[in-house]
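Asker: Numbering (our numbering), first residue to last: 1101 to 1324.
What follows is a list of derived Cβ distance ranges for each label pair:
#	residue 1	residue 2	range
1	E1185	W1126	50 to 60 Å
2	A1157	R1178	19 to 29 Å
3	R1195	A1223	35 to 45 Å
With a Cα cut of at most 30 Å, we get these calculated BS3-like pairs of lysine-lysine:
#	residue 1	residue 2
4	K1156	K1275
5	K1234	K1275
6	K1296	K1234
7	K1234	K1180
8	K1296	K1275
9	K1156	K1180
Note that these hints are calculated values from the structure, not bench results. Heads up, the beta-carbon is just placed ideally off N, CA and C, and yes, glycines get one too.
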Amino acid sequence: MRLSILNLIFACILTAVFMVFMFAKWQNKNEQIKALNSEILTTQAKINILEEQGNKALTYVRIRRGLDVMSGRRLSERQKNVLTERLFDISTDYRIDPILILAVIKHESRGDPNARGAFSSGAESGALGLMQIKYESALEVARSVGIRISSPEDLFNPEINLMVGTAYLLRLIAKYQDLQHALMAYNVGLGTLDGKLRAGTALPTRYYNRIMQEYQFLVDRIFE
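Put together the whole structure using the sequences plus the hints.
Answerer: Structure below.
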């Protein structure tokens, strides 16, 4: 009887030791799994950062390439570098396709920072610079975004013209919530487009179609 009790006690001790051993082994394994999961998450975060940086670098290169295709020698290397920086920041901050802005510039001025707009009659339209902004419109937009403009000559500065012109287009996109309408308004003016929308008359889609053609041209050249 005493032997049976001793055997039972010994068996219980062995079981307890085995359970402690297994628990310690499980706990160690669990810690290893946690460490491995943490390492995986850290590695994934690093990959995401590298991927984001890679995408940004690719966007930067595409903008620079687009400026070369669009403007040729009309812009200096320094001007292209500055415009690339500005357009990259704008596209990142406002989630707008930088190639679309380049398409507008290409159609409006062919990348000539000194371009002056003219009507079919030959009379000057008052549109100036890369994005062909009129001085009166530029003043109003510039004030709203904190850009200083003191004379029409300021619009021949490519950096100022880009920032004002893009701010104006972004405002139109926000107003109409429709890229096609925004681009049409950029061309004919808000008043004219709003009047056509209220009247239900045919919209001036030619400008929008031309911008899309320029956009596709740039995309084809940039990605070739």
